[in-house]
Amino acid sequence: MTQEKLSAQDAVSDTYHYGFETQVSAETAPKGLNEDIIRFISAKKKEPEWLLEFRLKAYRHWLTMKEPKWAKVAYPPIDYQDIYYYAAPTSATTPKSLDEVDPELLKTYDKLGVPLHEREVLAGVAVDAVFDSVSVATTFREKLARQGIIFCSISEAVQNHPDLVKKYLGSVVPYTDNFFACLNSAVFTDGTFVYIPKGVRCPMELSTYFRINAKKSGQFERTMIIADDNSYVSYLEGCTAPQRDENQLHAAIVEIIVMNDAEVKYSTVQNWYPGDKDGKGGIYNFVTKRGLCKGVNAKLSWTQVETGSAVTWKYPSCVLMGDNSRGEFYSVAITNNYQQADTGTKMIHLGKNTSSTIVSKGISAGKSQNTYRGLVKMGKAADNARNFSQCDSLLIGNQCGAHTLPYMVGGNPTASIEHEATTSKISDEQLFYCRQRGLSAEEAVSLIVNGFCKDVMQKLPMEFAVEATRLVAVTLEGSVG
Amino acid sequence: MSAWLEIKDLHAKVGDKPILNGLSLTINAGETHVIMGPNGSGKSTLSNVLCGNPHYEVTGGSVEFKGQNLLEMSVEERARAGIFLAFQSPTELPGVSMSTFMKYALNARRKAAGEKELDAVSFMKRIKIRAQALDITDEMLKRPVNVGFSGGEKKRLEIFQMAVLEPDFCILDEMDSGMDVDAVKVAGSGVQIMRSPERSFLVISHNTKFLREQIKPDHVHILALGQVVAEGGAELMDEIDRNGFAGFLKEAVA
Chain C
0 MTQEKLSAQD AVSDTYHYGF ETQVSAETAP KGLNEDIIRF ISAKKKEPEW
50 LLEFRLKAYR HWLTMKEPKW AKVAYPPIDY QDIYYYAAPT SATTPKSLDE
100 VDPELLKTYD KLGVPLHERE VLAGVAVDAV FDSVSVATTF REKLARQGII
150 FCSISEAVQN HPDLVKKYLG SVVPYTDNFF ACLNSAVFTD GTFVYIPKGV
200 RCPMELSTYF RINAKKSGQF ERTMIIADDN SYVSYLEGCT APQRDENQLH
250 AAIVEIIVMN DAEVKYSTVQ NWYPGDKDGK GGIYNFVTKR GLCKGVNAKL
300 SWTQVETGSA VTWKYPSCVL MGDNSRGEFY SVAITNNYQQ ADTGTKMIHL
350 GKNTSSTIVS KGISAGKSQN TYRGLVKMGK AADNARNFSQ CDSLLIGNQC
400 GAHTLPYMVG GNPTASIEHE ATTSKISDEQ LFYCRQRGLS AEEAVSLIVN
450 GFCKDVMQKL PMEFAVEATR LVAVTLEGSV G
Chain E
0 MSAWLEIKDL HAKVGDKPIL NGLSLTINAG ETHVIMGPNG SGKSTLSNVL
50 CGNPHYEVTG GSVEFKGQNL LEMSVEERAR AGIFLAFQSP TELPGVSMST
100 FMKYALNARR KAAGEKELDA VSFMKRIKIR AQALDITDEM LKRPVNVGFS
150 GGEKKRLEIF QMAVLEPDFC ILDEMDSGMD VDAVKVAGSG VQIMRSPERS
200 FLVISHNTKF LREQIKPDHV HILALGQVVA EGGAELMDEI DRNGFAGFLK
250 EAVA
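The listed protein sequences correspond, in order, to chains C and E. Take the first sequence: its position 171, counting from 1, is numbered 170 in numbering that gives the first Met the number 0, and each next residue is one higher. Take the second sequence: its position 101, counting from 1, is numbered 100 in numbering that gives the first Met the number 0, and each next residue is one higher.
Heads up, a few of these hints could be off.
DMTMM-like cross-link-like pairs, simulated, lysine to aspartate or glutamate; straight-line CA separation at most 25 Å [stated by the list, open to error]:
hint, chain 1, residue 1, chain 2, residue 2
1, E, Lys110, C, Glu236
2, C, Lys424, E, Glu234
3, C, Lys453, E, Glu116
4, E, Lys102, C, Glu442
5, E, Lys102, E, Glu63
6, E, Lys16, E, Glu30
Don't read these hints as lab results, they were simulated from the structure.
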């Protein structure tokens, strides 16, 4: 099986200069990035000319850019020519049954209480029938369609709703935005598209979990959510069990547009492979997430629980353009072992009476480094704009680091910015007190950490919150002696 | 009557400083013992050592609890085996409500015993009844553990935890300190309600009035320089009321 795949790829490489469009029968493009690869991706997806042009423009711009180095993360150089940009490089090693899956991963599923049939899917086992999710998804989509809600993969949206995609693609995160966003714009493979029409309140939490096409589109994912006037949607990203994923580099984009009186709530629980205890392996997560509160009274709320990945570089942001619009950022970032997280938000106040709230809880254990980096910017026209930020750090042990880097730019004398920050440590007294009541040291840490991040956990939708709490415990295992 | 807790020739130190110097003490099931002594005599060290606080190092002697070698058990194993300490200065757990804390504590014990987690209804019933008996409101149970409470409220909440966890052996370390008269009465009645032939108490205090009225001990021990220097019944407290610890201290030095 493995042999066959390899030779197929070799063949592709060999015949490359003959124009591989016709040669490649497989779903995999060869490693590396050039204009032909981008044309290949676009052709495979039967994309219209304008989208190919968008990708090529992004690619040409990307060639002129340099990888950013300002984040407080360190990782070996990434060889962008050593990456597959289309289809799954993992296919050659897809396990045939749970017996072939890493027992450590299975143990984690056990602790999280993931049902057996779901474990197979999460672990990437080749299963023919994906339990009920396909039928569930179809039922959902029909129900949603009756209200005019569009919930599909971005590839489908390109085919079926090209005007909407064309209008908004890159309107919040232009391809020139940053190195990783630019790369994504050139090579994104799939992602989610959501449109909520005027006056519609989406009757259920939308989740990638129920999306058929979610599988293996993760590496360069692109998500777009458009909430038209007076609409509401709550969107859940990701799944709370750790996904087996061998793509080391992830560079996703999320763009959200919120119109007059509309509200979008975006929740993420990210728990990708963080690498082993010695810091080997793990995902590099370089994500650009940004929402535009375009209309008056628009509201956008980001809630994230970040526990996974070896390196996280992520700043979900709100551009508060409409008067009275409101942005919120609630974040829990936990790092253990050798994990590095540089995460935070940007609140760009442009309209009058705009307000924003930032609550960030960073927890560092092991030898990890956890940085909050945030920007609050008050534009010239942002009369009476207000921001409140609270950044708390909790340290477990004495080999980890917590850093808070708030940037504040005031451009309007009537605007106000408030910032509070605390750093604390789980004390020996707290551990002894909890253990004296019968809790193990690990249960004590998980209790104290969950107490520390309660303000944020409460913002998560119910079913997510329960699993996130369990995830905190799993992530911090072994963090105390 | 069987020996519940048997301490023999116990030595312990903090850092390089020896605090307990050959302490022996036997407490039987259902008994209430009081430990008195001047500051620095080793009273709080004894309670911490019995609970396994890693800050203290045992350098000699033995402690058996219901036939088990207590010194070989971890802090949580001792707690689950039935040892409870009402702390002199309970530590704060920000963001953790008292009811969540008790749920974790009860379930940790049940898990260790191979039992199922307590369901929500039985749990609420268990804590509500005990809270009412100790004048603890729902609001107090929702607030984070020991954060923003008065000294007296914290102590009452310690007694509340003891009532919820139903330990076999309760150590009360300076429970009456920082409490007003009414709070002392409520806490004292909490202790009285919990007395049973299957539960022993070790009470550390300076306050003979509190001990006589609220605790009504069977045995009194005087601790000095890390040893028990005198033992007797409640009448020993009269001696202390009259002459303080001076007489006992001489014995210890001699």
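Cross-check of the supplied hints:
{"no.": "1", "hint": "E:Lys110 - C:Glu236", "result": "violated (33 Å)"}
{"no.": "2", "hint": "C:Lys424 - E:Glu234", "result": "violated (47 Å)"}
{"no.": "3", "hint": "C:Lys453 - E:Glu116", "result": "holds (22 Å)"}
{"no.": "4", "hint": "E:Lys102 - C:Glu442", "result": "holds (12 Å)"}
{"no.": "5", "hint": "E:Lys102 - E:Glu63", "result": "violated (29 Å)"}
{"no.": "6", "hint": "E:Lys16 - E:Glu30", "result": "violated (32 Å)"}
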